[in-house]
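A.B. asks: Okay, here's what each chain looks like letter by letter:
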Amino acid sequence: MKINFWFLSSIIISIIVVLPILVVFSSFFQDTSNYFEILKETFFFEYVFNSLTLLIGVLFFTFILGVGAAYIVSFYEFPGSNFFKWSLILSFAVPPYIYAYSLFAFFENYGTAYTILKNLFGEGNYNQLIPKFDGMFGLILSISFSLYAYVYILARSSFLYQSQNLIELGKNLGFSKIKSFYSVILPAARPAIVAGLSLVAMETLAEFGAVDFFSVNTLTTGIYNAWIAFDDLAFANRISFFLLLFIFILFLTENLSRKKAKYHLETRGGFKIKQKIKLNGVKSFLAFAFCFILFFLSFLFPLSQMLYWTIKFPDNLFDLKLTELLLNTLYLVFLSSFVLLFFSLISNYGNRVSKNKILNILSTLSISGYAIPGVILAIAFITLIAWFDENMFQVLGLLSIKKIFIGSVLGLVIVYCIRFYSLAFNGIKSGYEKMNIAVDESAYLLGYSKFKTFSYIHLPYLRNSLLFVLILISLEIVRELPITLILRPFNFETFATTAYISASEDLLEAAAVPSLFLIVIASFFILLTSKYILRENNE
Amino acid sequence: MIIVIILNILNILNINECGEKEEDMKNITIISVFVSLILSTFATANEVNIFNARHYKADAELYGKFTAKTGIKVNLINGKSGALEKRIIEEGADSSADLYITADAGRCGAMDAKGTLQGGLSSAAIKSAVPKNFRTSKWVGIAKRARIIYYSPERVTGAELSGMTYEGLADPKWKGRLVIRKSSNIYNKSLVASLIKNNGKKATAAWAEGVVANMARAPKGNDRAQIMAVAAGEADIAVANTYYLALMLSGKKGSEQQEAAKKVKAFFPNQDGRGTHMNVSCAALVKGAPNKKNAIALVEYLLTPEAQEHFTNNTFEFPMINGVSPSPLVVNNLGLDFKQDMNTKLSSYGKNQAAAVEVMTAAGWK
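The listed protein sequences correspond, in order, to chains F and S.
Under the numbering used here, the final residue of the first sequence carries the number 539; numbering is consecutive throughout.
Under the numbering used here, the final residue of the second sequence carries the number 1366; numbering is consecutive throughout.
In case anyone wonders, no lab produced these hints; they're calculated from the structure.
The structure presented is a predicted model; accordingly, all values stated were derived computationally and were not measured.
A virtual CB, placed ideally from N, CA and C, is assigned to each residue, including glycine.
There's no promise every hint is true.
To be verified - Beta-carbon label-pair distances, calculated as ranges:
| id | chain 1 | residue 1 | chain 2 | residue 2 | range |
| --- | --- | --- | --- | --- | --- |
| 1 | F | L326 | S | Q1258 | 29 to 35 Å |
| 2 | S | G1092 | F | T53 | 48 to 54 Å |
| 3 | S | T1067 | F | I16 | 36 to 42 Å |
| 4 | F | F318 | S | A1068 | 17 to 23 Å |
| 5 | S | T1067 | F | K450 | 52 to 58 Å |
| 6 | F | I293 | S | S1255 | 26 to 32 Å |
Start from the sequences and build out the full structure, keeping to the hints where you can.
C.D. replies: Right under this line is the structure:
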């Protein structure tokens, strides 16, 4: 084993990222308090039941919406098909909690739907006629419309790469379109779809804002409540442990199916760009209608509801310190993405040059941060800092470090890094995987040092991957809520926290302006990446 | 933040090298003087740190006025009360929090029970402004609200309401006609805590079961949603705080809600007995507050007629002090001549909170 700078720094980075996860696991073995013993028992089953209901509901909807849209867009040509191809991923710009605000506001008593009906048909008590989308069903819809794009993107890329031979095989066997969809296309895309669904599942289990808004008790809000209302960190960590087990199963499923997906992707030879089937008449209208309704419901609807409120209550627009919010948001975005890119480059490179097993295991573990809900990470981080402070710094007679890490931008950036490390690490890793190790060896032969190889050969080569990763991280941080909420410093708000706080104080219409800005910024980031996400050739 | 790092480095240097080299000693002394200079500028920084769970725009304006008047800068961290309380507790003695401001006496009481508050809010100005049952030495009410009954005049008769009490909410005649928020809501916790204080835990447990049996729907939504449910015909009576109706009537929530608010009327319960359940927005002095003096000054300012008028006109709460009138919207639509419960100490809300949650959960109050 060669121990050098790269190896050491990769090890240190990985350990820092893994620590909070270990905290959660270790506290499983601590005693919980007896406080609310009976309540715990009742609540726990409610948490599990609600989480499962939510999960199944969301998986059902995202599967139908994601695969349906991907199928139509990849195989058929109809008016607007090129537009829908990219516009359907705009739903990513609307986080579930903002979708939840829109859904609630539209359908509530005397809400937007009521106003529309009143303006159309005059006075009347329409409230009883308007369906109410709140509670569990509203929650399932909010999360599904916000997350189906994961399934859509992965299913679509799988459909595109599917060997033309396979589809022709179906045709030759005399299968109808529906039959070849079920018997040929869908099974071949299964690994990609499973991967998409597992991502949806992880995000659903980690969801905090929307779940809190509809006050449905899931494992994630249960953790938060156990910590906050019952003062029981050990119990919170114990629920986290179960949630994590759950998530790790999903995580493994996702990893396994991704490996399989790769296998399918690489059936070269038979690959040729498919000729899309042109639809006419009713069929073309139906395809258009499906995509349009999906685009409308997932993106235009929340956008218009927020826009409507902003116009209806313009005071809120002028009350908000927009520049400050924008600067804060961008500050966090740039600082965190810079740190993340820097560390994941080092540890990727460290992995590449040292080929060490321990390091490999550590970095695999460290990327699981993405599977851990932000709420848990933030709590684990505070626990960890408090422990270090009590057991090391105060024992040594040093000053407290709590203020440096809790309620500071530094702490915020560290936890963001832990949470989004896998995005950065994997993004760069996939870039590295395309670069043959022989490139490095040639460079060494030419007398390049490791550092020179890294900065003159790797960096330029990875430029596109880096850009892509940068934008993905930015998108995540703009939408991020629970970590920012728990760890942010004094007088420091982002669009996400402003929206959440207004909404939780029954000032939903004041949440519209920050939500609107958040959607616009996120859409901008999505449009920047759409080229990479939707690429159709085998780059 | 940087200072703490520097001091830690200094400490390490002190431990390791102090005795050995005089030269180093000198350097360190110079650095220490320098650092203490920086520190002193920080120590005298004229500010007050508020962990704030009330997010009215009006409050921010009020803090601005305070700064203009006294030169004391107000630093805010906004959040939901639970998360803020947690951070104060986790940060412990190192917490930068001076004041914790939140919208329920039960929360201030619970923070007190956890030993995170300190005495000091007992200046003559505070004592003379705030009635005894609305304060302790650790926290003080800064604006009042009542939790009352709203009803539909179309569907509820005067006879039905006559002599109505909180206790009466469990009467079977309201079966399928009542809406109220979830049991996790702090206003409900405090209301039930006050019932436990007055009627005992056992009676309140039976009462909670009666209330659950009367509910028109599973509890959902905020106070405003309860009032709108009565307006929309989903229920006949609702329990909600006073300022919500005024807020809806003000038109700040749009013309539809203004219209909805006109369809319901307010009723103050327990007028023949102890009076209507009162609650406050409260300011609590955090233990180890780095700017204790400024914190007390701010609380005193919030109790001046100027600040109280600002509260009543913007948040539609009742003033904490005498001599300030509530907003005309409150006076005209809710009335003023009601008997407030001045005997039940608000500090009992925090003390009986756990029992309240237990009683409600046992009754199946979601």
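A.B. asks: Taking the hints in turn, state whether each one holds.
C.D. replies: Results for each hint:
In this structure, F/L326 and S/Q1258 meet the distance hint of 29 to 35 Å, their C-beta atoms being roughly 33 Å apart. A beta carbon spacing of about 39 Å between S/G1092 and F/T53 contradicts the range 48 to 54 Å that was offered as a hint. Checking the proposed 36 to 42 Å range against S/T1067 and F/I16 shows it holds: the Cβ atoms sit about 40 Å from each other. A beta carbon spacing of about 20 Å between F/F318 and S/A1068 agrees with the range 17 to 23 Å that was offered as a hint.
S/T1067 and F/K450 have their C-beta atoms about 55 Å apart, which keeps the hinted 52 to 58 Å range intact. For the pair F/I293 and S/S1255, the beta carbons lie near 30 Å from each other, so the given range of 26 to 32 Å is met.
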